[in-house]
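Next come the chains, spelled out residue by residue.
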Amino acid sequence: MSTRNKATSVTTRWAVPGAAVVIGFAYLVAGVLGDDLSFGIFGLVLMTALGVAFMVASRWSETAAGLRNRTDERINHIDQSASLVAGMTVLLAVLAMFVVEIAQGQDGSPYYQLGAVGGVTYLVAFVWLRFRR
Amino acid sequence: MKSAAVCKGGLTVAWHVKHPLHMRNVVRELRLTRGLSQAALGDVLGVSRQTVNSIETGRYLPSLPLAIALARFFDKAVEEVFDVDA
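One line per chain: the protein sequences are A and B, in this order.
Residue numbering for the first sequence follows the working numbering, starting at 1 and increasing by one per position.
Residue numbering for the second sequence follows the working numbering, starting at 1001 and increasing by one per position.
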């Protein structure tokens, strides 16, 4: 019986550093389109550096390695809990900013759209997971 | 308030089962008996040394598959490795 959550594929191992580089390129494209090339280049270099740092850290850090190969159930649970905390913090910040915007006589944009996306995503995910578990 | 129901076979099923936040276990003792390091046991189970340490100190409750794998590795029943009543 295997206790590994799933076999570590090449895709899994490169997911985090790959995502960092992809986000970096998104910054570059945004910088080019917005006539702010220095922002784009800085964003690409920063995100690529973060991706490389993560890969290097995974050679000596069990935690970073666990986040990279995804075979350790405890690290995966910690990652889920940390993601939950981060998501709830962002949602609370969005709600707080929405209230502030309304109090200042604004229409609450873009915070009410962001809040709606968060709420709808939660409901859809809850219903989806409810039928799968 | 009903707290339990008796099935046809005589089994008593609790309506409210409290899951323990902490369970005593003998993973460290069993590991030391085999002369294994935490890293070596982690390699066998497919988890990190830190996870083995967290299980031994009771900071992390392993999943059912991992608990069964631990018990099987030491040729024990799960209840012999993890004690909910302790």
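Don't take every hint at face value.
Said to hold, decoys possible - A short, non-exhaustive set of chain B residues, derived as facing chain A with CB atoms under 8 Å:
id, residue
1, Leu1030
2, Leu1036
3, Gln1038
4, Gly1046
5, Arg1049
6, Gln1050
7, Thr1051
8, Ser1054
9, Tyr1060
10, Ser1063
If you're looking for bench data, these hints aren't it; they were derived computationally from the structure.
Using N, Cα and C, we set each Cβ at its ideal position, and we do this for glycine too.
Legend entry - Enumerated hints in conflict with the structure, sorted upward: Of the numbered hints given earlier, those the structure breaks are 1, 2 and 3, listed in rising order.
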